[in-house]
Every structure is written in structure tokens, then in C-alpha cells.
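Visitor: Sequence:
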Amino acid sequence: MGGDGGSIPGRADIVRVKGYEFKRNLGGMGYDPNTMVLKERGALSPQEARGLALTRCRVSQLPLHVPIVLDRSGYPYNKEELLERMLAKSDVLKSLGIKSLKDVVTINDGSEALFAPFANGTLQCQLTGVPCNGSKRFLFNWTCGCIFAEKAQREIGQQRSTQQNCPVCGAPNAKILPMIPDLAPP
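Counted from 1, the sequence shown has number 170 at position 120 by the numbering used here; the numbering is strictly sequential.
Certain hints may be false.
As the list claims (entries may be wrong) - Derived EDC-like pairs (lysine to aspartate or glutamate); straight-line CA-CA distance at most 16 Å: (1) Lys-139 with Asp-153; (2) Lys-225 with Glu-134; (3) Lys-152 with Asp-121; (4) Lys-186 with Asp-159; (5) Lys-225 with Glu-200; (6) Lys-144 with Asp-121; (7) Lys-186 with Glu-200; (8) Lys-129 with Glu-90; (9) Lys-149 with Asp-121; (10) Lys-144 with Glu-134; (11) Lys-225 with Asp-153; (12) Lys-149 with Glu-134.
What the hints assert, rightly or not - Here are the computed distance ranges between Cβ atoms for each label pair: (13) Glu-90 with Trp-192: 18 to 26 Å; (14) Lys-201 with Glu-98: 38 to 46 Å; (15) Glu-205 with His-115: 25 to 33 Å; (16) Arg-61 with Gln-111: 16 to 24 Å; (17) Lys-201 with Asn-223: 33 to 41 Å.
Treat the hints as calculated values from the structure; they're not laboratory data. Keep in mind the model is a prediction, meaning the values are calculated, not measured. Each residue gets a CB set at the ideal place from its N, CA and C atoms; glycine is no exception.
With the sequences and hints as input, model every part of the structure.
Guide: What follows is the structure, given as C-alpha cells:
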């Protein structure tokens, strides 16, 4: 029965869909010969990698908790983990360029901001409350430790330069740096 050439191909037999592949690419007859299934991915997308880097301590890979510090490249660390590694004179910190607490800035507690910088286990913009999960670019102020979305800074009207006032707390001579610039989408 069947197999006489009179079969009508379905959409899955004709159209290739990005991210999907055939379960068994045998063609012909049988049970589920051409069922489309989602491919297994071995690598993270840039957005997923960035989101993971913004929700985990760079040294211990544990979830972030208050107090949180940032290094000059914008990576977050749990302050307690960082202090423990400094006392143990860990080589990991030396390779990351962190020699003392002068090489990191503690995130501002948000007393002057509209939103707390850390809520529900994730960092968030202190001006708009947008979660810092890797989908949006974030900036931080090296002098006072405020964090905010790049979009919030544009809406305020400040251009991205090295010397200006902090958009969150208004501290003068703010040094605005991007969070995790090497993972930033183009």
C-alpha cells in the first residue's frame, strides 16, 4: 500500500526552517520519516552569554547578591567572594587585573534613584527599572557606582562622553563606562 509515487509532499518536506532539522532524514515511507524537530545548540547566543555574565559573579559563577562590585570592564562580582579571593591571594584576580578594592567600584544602593539597582535577583536600571538581562546595553558610573540603561541616558539627552554629571544621582565629573563592552552587540 502506498509508495506508488502518488504522495503529496508536506511543507516540512519542501521548506527548510532555520533552527530545525529532520528527526530522521531517510525520506520515503515509515513512521515519522520527516518530522521536524528543534536542533540542539551547543553554544550560547551573544545575548544569552551577555545575560549570563550580568547575572553571575565572574569569579565564583554564583548568582549575584548584595553587595555587588563592578570592575573597569563592567563585569559584576559578589563583593564577599572578591574579598575572600583577595585574602587568599588568588591568581584568578591577578589575571583579571584586580589587585585591590581600588580596581572595583561598589554599586550605589539607590537611595537617590527611582529604582533599586538590584531587585528580584537581577541588576536593573536605576532610572527606568529595566532589568539588566543582556537584551539592552547598560552603562555604569565609575565615580559613584550608579547603573543605568544606555537608552535612559539618551532619553535624558546626555551624550556618551567621559566627563559629565551622573544621570541618576547628579554627581559631578561622572566617568561613564559600558558594562561588558566586549559582548556588546554591534
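Visitor: Please flag the earlier hints that this structure goes against, numbers listed from lowest up.
Guide: Of the numbered hints given earlier, those the structure breaks are 2, 4, 8, 13, 14, 16, 17, listed in rising order.
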